[in-house]
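Whenever a hint applies, use it, and build me the whole structure from the sequences.
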Amino acid sequence: MTSLPALIAATRPDGDGEFHALVPDNWLQGRTCYGGVSAALAVHAARQAHPDLPPLRSAQIAFVGPLAGAIALRPTLLRQGRNAAFVRVEIVGEAGLGLSATFVFMRERESVIVQEADPAPVAAPAPDDVVTGGLAEVAFTQNFRFRDHSPAEARPPRWLRWVRLDAREALHPEVELMAIGDALPPAALRLAPARVPLSSLTWQVDLLGAIPANESGWWLLHAAADQAGAGGSSQRMAIWDGAGRQVATQMQSVALFG
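For the sequence shown, the numbering used here begins at 1 and goes up steadily by one.
Hints are computed from structural coordinates only; laboratory data are not their basis.
Computed from a predicted structure; not experimentally measured.
Incorrect hints may appear among the rest.
[To be verified] With beta-carbon atoms standing in for the labels, derived distance ranges:
1. Pro121 <-> Thr202: 22 to 32 Å
2. Gly65 <-> Arg12: 19 to 29 Å
3. Ala117 <-> His149: 13 to 23 Å
4. Gly65 <-> Ala230: 15 to 25 Å
5. Val114 <-> Ala194: 39 to 49 Å
6. Val112 <-> Ala230: 36 to 46 Å
All residues carry an ideal CB built from backbone N, CA and C; glycine is no exception.
In structure tokens:
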């Protein structure tokens with residue numbers, strides 16, 4: 001198996017502004033690269049192309065098509081201001097454009113408006129807690145450990161789950177967070193009488209400041225479906241770190257094929 005740190009380390013520039021990587025089978029979700037890892041690779045490419053970027057503040061990601069095998073990452077600086085920079089990254093594979101992302105990097109500033117985010121609703125697992133691994137039929141989940149707190153009959157349907165990468169050495173915190181952030185199944189899946197095909201269409205991540213150090217490696221993910229029907233679902237999501245600090249809010253649009 002190829003770990004995420006190894007995959008990031010093997011991503012190389014070609015001298016013409018592109019970066020190249022090879023998506024291994026253990027990071028696939030069906031016939032495409034797991035969305036969190038393709039987004040993590042995109043953040044890595046943006047930072048490698050522009051090393052002086054301030055902290056990541058927002059990401060708007062469109063999953064355009066499948067990505068597998070050899071891929072090319074193309075970062076483009078759209079605008080650089082005094083406080084914020086906008087970077088677009090496109091990832092292209094054998095089937096064409098697979099991901100288009102726009103990242104906003106912005107320096108922190110003093111603000112007269114302050115509202116604290118909600119703390120994590122459950123505590124992180126202790127080191128000796130029993131946690132579960134991934135699902136054999138979903139390849140990318142084999143790279144994670146999970147501790148579930150999802151209520152069985154919750155309405156609206158939702159997931160609440162601690163997630164940890166098996167290997168996270170030397171990862172940039174933003175790369176790790178993007179890799180973690182899409183690790184839950186869509187919340188609408190809990191309404192299905194049987195397993196049905198689903199696919200993320202768009203994903204927005206808003207960071208609540210620079211990502212603090214997360215020594216435990218545990219991240220709490222929450223996803224709740226606002227609506228499902230007519231072939232699609234919309235859901236709201238959140239991420240807390242191992243100390244219970246909320247670090248991001250998210251929204252996602254999901255295609256339903258059954």
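Checked hints:
no. : hint                          : verdict
1   : Pro121 <-> Thr202: 22 to 32 Å : holds (26 Å)
2   : Gly65 <-> Arg12: 19 to 29 Å   : holds (23 Å)
3   : Ala117 <-> His149: 13 to 23 Å : holds (19 Å)
4   : Gly65 <-> Ala230: 15 to 25 Å  : holds (22 Å)
5   : Val114 <-> Ala194: 39 to 49 Å : holds (47 Å)
6   : Val112 <-> Ala230: 36 to 46 Å : holds (43 Å)
Violated hints are absent here; each numbered hint is respected by the structure.
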